[in-house]
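**Student:** Below are the chains, spelled out letter by letter.
Protein chains: 2
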Amino acid sequence: MHIDPEQVPAKTGTVYPEPFKARLAGRSKRRLGDAAGLKNFGVNWVALEPGAMSALRHWHQRQDEFIYVLTGEVVLITNAGEQVLKAGMAAGFPAGEANGHHLVNRSAALATYLEVGDRTPDDQVTYPDDDLVAAAGDAGWIFFHKDGQPYSSSMSSV
Amino acid sequence: MHIDPEQVPAKTGTVYPEPFKARLAGRSKRRLGDAAGLKNFGVNWVALEPGAMSALRHWHQRQDEFIYVLTGEVVLITNAGEQVLKAGMAAGFPAGEANGHHLVNRSAALATYLEVGDRTPDDQVTYPDDDLVAAAGDAGWIFFHKDGQPYSSSMSSV
Chain C
1 MHIDPEQVPA KTGTVYPEPF KARLAGRSKR RLGDAAGLKN FGVNWVALEP
51 GAMSALRHWH QRQDEFIYVL TGEVVLITNA GEQVLKAGMA AGFPAGEANG
101 HHLVNRSAAL ATYLEVGDRT PDDQVTYPDD DLVAAAGDAG WIFFHKDGQP
151 YSSSMSSV
Chain V
1 MHIDPEQVPA KTGTVYPEPF KARLAGRSKR RLGDAAGLKN FGVNWVALEP
51 GAMSALRHWH QRQDEFIYVL TGEVVLITNA GEQVLKAGMA AGFPAGEANG
101 HHLVNRSAAL ATYLEVGDRT PDDQVTYPDD DLVAAAGDAG WIFFHKDGQP
151 YSSSMSSV
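Chains as they are written, first to last, in UniProt numbering: chain C, 1 to 158; chain V, 1 to 158.
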């Protein structure tokens with residue numbers, strides 16, 4: 001099935017609970033894989049406005065992730081430090097590798113990239129810089145404080 | 001892990017048995033996902049020279065597939081006919097959808113795209129236009145004639 005990304009609705013907002021939502025301002029996603037009817041993995045076309053980030057810095061226990069920069073440039077931040085990724089560069093984040101990562105657009109121009117992630121069940125997500133842990137539930141991600149207390153209204157569809 | 005696609009070896013050739021190998025001339029792949037240590041899905045950067053094709057026309061029983069055109073243009077061929085996909089266009093092929101597909105570069109310029117596929121086990125591949133069936137084995141794809149006879153030397157690592 002052929003997909004024109006411009007015909008796929010751009011979705012802003014995030015499933016993160018408060019007080020984290022505001023930090024995802026300026027990010028929008030088009031769910032190309034879902035639009036094509038794929039189930040085993042997702043492929044999103046993502047746009048980051050200047051100053052926006054891909055996600056809170058995190059790593060997945062069971063799901064692999066991959067990104068490919070299409071236009072502009074982003075800064076990849078991991079435990080190893082920072083690296084500028086320009087259009088045509090890629091990065092992969094193997095499941096279970098305890099190295100939190102995210103992308104930040106520190107440029108003055110829009111940056112776009114493709115992100116791919118599989119849907120292996122029973123995943124958990126660790127956020128090393130924030131009081132946040134996520135567990136995959138039947139209806140989406142469930143968010144907890146690091147002491148195990150759930151965030152209120154934390155059940156959200158992904 | 002950051003990946004520079006140009007540093008990932010370009011691989012030509014195919015795991016198809018004879019007499020199909022020659023039809024894949026002009027195709028090269030860089031296995032970006034593997035280079036990043038991903039296991040759950042593969043992401044390949046693929047280049048098609050003028051006249052080259054992505055694969056024999058086929059569909060997967062259990063594995064989803066997705067492509068995103070990076071440069072140039074390709075013709076997507078499915079049961080529904082032909083469609084030109086230019087840079088920035090995408091297509092997805094859900095597992096189990098009995099609609100053989102492939103990409104052909106009918107232009108005079110190189111075309112490049114990203115392809116994504118998951119690694120769900122016990123997959124089978126149907127090739128509607130050719131006397132060929134593939135089954136996922138422990139060490140790669142095993143190829144059969146449509147009457148069930150194996151191709152000689154058909155075990156190949158993927």
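Among the hints, a few may not be true.
Given that identical chains are not distinguished, each listed pair holds provided it fits within a single copy or across any two copies.
Calculated cross-link-like contacts (lysine-lysine; reagent style DSSO-like; alpha-carbon spacing at most 30 Å) [stated by the list, open to error]:
no.	residue 1	residue 2
1	Lys86	Lys146
2	Lys11	Lys21
3	Lys11	Lys39
4	Lys29	Lys86
To be clear, the hints were calculated from the coordinates, so they are not data collected in a lab.
Note that the structure is predicted; figures quoted are calculated from it, not measured.
**Student:** Which numbered hints turn out to be false for this structure?
**Tutor:** 1
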